[in-house]
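K.L.:
Each chain, written out:
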Amino acid sequence: MPDHVKLKFTYTELGAKPFPASNRLVKIFRPLIPITLINKNRFCHMAVLLDSGADFNLIHGDVASYLGLNLTLGSKRTISGISGQIRGYKHKLQLKIDNYLYKTTVIFSNQLPNNAIAVLGNQGFFDKFAVKFNYPKLITITHFNYGKR
Amino acid sequence: MKAKNWTHLFPKFAGLWVAFGKDEETVVSSAKSLKNTIKKAGEKGLKAPLLFKVPAESLPYAGSC
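So the protein sequences, as listed, match chains A and B. The numbering used here applies: residue 1 is where the first sequence begins, and numbers increase by one. The numbering used here applies: residue 150 is where the second sequence begins, and numbers increase by one.
In short, the hints are calculated from the structure, not lab data. Be careful, since some hints might not be right.
Unchecked claim - Keeping only pairs whose Cα atoms sit at most 20 Å apart, straight-line, the calculated DMTMM-like set for lysine to aspartate or glutamate is:
#, chain 1, residue 1, chain 2, residue 2
1, A, Lys-96, A, Asp-127
2, A, Lys-27, A, Asp-55
3, A, Lys-8, B, Asp-172
4, A, Lys-92, A, Asp-127
5, B, Lys-188, B, Glu-173
6, B, Lys-181, A, Asp-55
7, A, Lys-76, A, Asp-62
8, A, Lys-128, A, Asp-55
9, A, Lys-27, B, Glu-174
10, A, Lys-137, B, Glu-174
11, B, Lys-171, B, Glu-206
12, A, Lys-137, B, Glu-173
13, A, Lys-8, A, Asp-98
14, B, Lys-193, B, Glu-174
15, B, Lys-151, A, Asp-127
16, A, Lys-27, B, Glu-192
17, B, Lys-184, A, Asp-62
18, B, Lys-196, A, Asp-98
19, A, Lys-8, B, Glu-174
20, B, Lys-171, A, Glu-13
21, B, Lys-189, A, Asp-62
22, A, Lys-40, A, Glu-13
23, B, Lys-196, A, Glu-13
24, B, Lys-151, A, Asp-55
25, A, Lys-92, A, Asp-55
26, A, Lys-17, B, Glu-206
27, A, Lys-137, B, Glu-206
28, B, Lys-171, A, Asp-98
29, A, Lys-27, B, Glu-173
30, A, Lys-17, A, Asp-55
31, A, Lys-17, A, Asp-62
32, A, Lys-8, B, Glu-206
33, A, Lys-96, B, Glu-192
34, B, Lys-161, A, Asp-127
35, B, Lys-188, A, Glu-13
36, B, Lys-171, B, Glu-192
Quick caveat: nothing in here was measured; it's all calculated off a predicted structure.
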């Protein structure tokens with residue numbers, strides 16, 4: 001059994017307008033990684049943003065429905081951000097990154113703004129992994145004390 | 150390692166769920182709902198595609214909500 005797991009991911013290049021009325025797109029590199037959310041026998045393989053400024057893992061509510069979770073049965077949470085407050089519901093499930101599977105919590109919300117990206121935040125992700133951002137090339141995710149934390 | 154190129158997502162897929170092919174760059178299906186996106190990808194033989202909810206606006210980003 002290894003004492004740590006080290007995973008490597010590339011950044012993802014997207015185009016972004018410098019301002020809403022602009023006709024041109026500038027290159028933006030974001031730390032998006034593929035994960036799999038698992039609830040019992042249902043799963044969803046999706047790309048999420050690594051956001052160390054986020055307190056929680058926060059994902060669109062339709063993913064909860066697809067995973068067979070009853071959204072509003074989770075514990076209620078109010079989340080604030082740049083554009084105001086939203087209501088979300090915290091659920092326990094399994095999260096797989098590459099071949100590493102662990103139990104975590106995710107807040108799902110149907111009130112995410114339409115420009116929001118699903119994020120992995122501090123509780124449930126950054127509290128379990130050491131992450132090195134080598135912008136815009138490489139993201140290295142290390143989990144120490146494999147299986148103990 | 151080369152960055153994944155998703156520059157083609159805007160404006161065509163803005164606000165939609167997309168499913169990618171094995172290369173994780175080519176969009177194989179898209180829809181407003183996650184369920185339909187997965188269903189359409191499955192009809193093309195992709196059982197567990199990588200999914201992404203494309204933001205409705207392609208603006209610089211600093212937080213989820």
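K.L.:
So, for every hint listed, does it hold in this structure?
P.N.:
Do the hints match the structure? See the list:
1. With a C-alpha separation of about 15 Å, the suggested pair Lys-96(A) and Asp-127(A) falls inside the 20 Å cut-off, and the hint holds.
2. Proximity of Lys-27(A) to Asp-55(A) is assessed by CA-CA distance (about 27 Å); at most 20 Å being required, the pair is judged violated.
3. A threshold of 20 Å between alpha carbons decides the hint, and for Lys-8(A) with Asp-172(B) the separation of about 17 Å falls inside it, so the pair holds.
4. Between Lys-92(A) and Asp-127(A) the alpha-carbon distance is near 16 Å, which keeps this suggested pair within the 20 Å criterion.
5. Restraint check for Lys-188(B) and Glu-173(B): the C-alpha separation of about 18 Å stays at or below 20 Å, so the hint holds.
6. With a CA separation close to 28 Å, the supplied pair Lys-181(B) and Asp-55(A) exceeds the 20 Å bound.
7. Taking the CA atoms of Lys-76(A) and Asp-62(A), the gap is near 16 Å; set against the 20 Å cutoff, the hint holds.
8. Restraint check for Lys-128(A) and Asp-55(A): the C-alpha separation of about 13 Å stays at or below 20 Å, so the hint holds.
9. The suggested pairing of Lys-27(A) with Glu-174(B) holds, with an alpha-carbon distance near 16 Å, which does not exceed 20 Å.
10. At most 20 Å may separate the alpha-carbon atoms for a hinted pair to count; Lys-137(A) and Glu-174(B) meet this at roughly 17 Å.
11. Taking the CA atoms of Lys-171(B) and Glu-206(B), the gap is near 26 Å; set against the 20 Å cutoff, the hint is violated.
12. Distance check on the hinted pair: Lys-137(A) and Glu-173(B) sit about 17 Å apart at the alpha-carbon level, within 20 Å; holds.
13. Between Lys-8(A) and Asp-98(A), the direct Cα distance comes to roughly 9 Å. Compliance with the 20 Å bound is thereby established for this hinted pair.
14. Our distance criterion of 20 Å between C-alpha atoms is met by Lys-193(B) and Glu-174(B), whose separation comes to about 16 Å.
15. Taking the CA atoms of Lys-151(B) and Asp-127(A), the gap is about 28 Å. The hint is violated against a cut of 20 Å.
16. Between the alpha carbons of Lys-27(A) and Glu-192(B) the distance comes to roughly 33 Å, so the proposed pair goes past 20 Å and is violated.
17. For the suggested pair Lys-184(B) and Asp-62(A), the alpha carbons sit about 8 Å apart, so the restraint of at most 20 Å is met.
18. Only pairs whose Cα atoms come within 20 Å are accepted, and Lys-196(B) paired with Asp-98(A) is accepted, the gap being roughly 17 Å.
19. Proximity of Lys-8(A) to Glu-174(B) is assessed by CA-CA distance (about 18 Å); at most 20 Å being required, the pair is judged to hold.
20. Restraint check for Lys-171(B) and Glu-13(A): satisfied, since their Cα atoms lie roughly 17 Å apart, inside the 20 Å limit.
21. Note on Lys-189(B) and Asp-62(A): the hinted pairing holds, with a Cα-Cα distance of about 17 Å set against a maximum of 20 Å.
22. Under the criterion of a C-alpha separation no larger than 20 Å, the hint pairing Lys-40(A) with Glu-13(A) is inconsistent with the structure, at around 33 Å.
23. Taken as a hint, the Lys-196(B) and Glu-13(A) pair is broken in the structure, with Cα atoms around 25 Å apart against an allowance of 20 Å.
24. Taken as a hint, the Lys-151(B) and Asp-55(A) pair is broken in the structure, with Cα atoms around 30 Å apart against an allowance of 20 Å.
25. About 16 Å separates the Cα atoms of Lys-92(A) and Asp-55(A), which keeps this hinted pair within 20 Å; it holds.
26. Taking the CA atoms of Lys-17(A) and Glu-206(B), the gap is near 8 Å; set against the 20 Å cutoff, the hint holds.
27. Note on Lys-137(A) and Glu-206(B): the hinted pairing is violated, with a Cα-Cα distance of about 24 Å set against a maximum of 20 Å.
28. With a C-alpha separation of about 15 Å, the suggested pairing of Lys-171(B) with Asp-98(A) holds against the 20 Å cut-off.
29. Distance check on the hinted pair: Lys-27(A) and Glu-173(B) sit about 18 Å apart at the alpha-carbon level, within 20 Å; holds.
30. A threshold of 20 Å between alpha carbons decides the hint, and for Lys-17(A) with Asp-55(A) the separation of about 27 Å lies outside it, so the pair is violated.
31. A distance of roughly 27 Å separates the Cα atoms of Lys-17(A) and Asp-62(A); the hinted pair therefore is violated under the 20 Å criterion.
32. A C-alpha spacing of about 29 Å is found between Lys-8(A) and Glu-206(B), which places the hinted pair above 20 Å, so the restraint is violated.
33. At most 20 Å may separate the alpha-carbon atoms for a hinted pair to count; Lys-96(A) and Glu-192(B) exceed this at roughly 25 Å.
34. Restraint check: the Cα-Cα separation between Lys-161(B) and Asp-127(A) comes to about 36 Å, which exceeds 20 Å; the hinted pair is violated.
35. A distance of roughly 27 Å separates the Cα atoms of Lys-188(B) and Glu-13(A); the hinted pair therefore is violated under the 20 Å criterion.
36. Distance hint between Lys-171(B) and Glu-192(B) is fulfilled; the C-alpha atoms sit about 15 Å from each other, no more than 20 Å.
Going down the numbered hints, you'll see the structure goes against 2, 6, 11, 15, 16, 22, 23, 24, 27, 30, 31, 32, 33, 34, 35, while the others check out.
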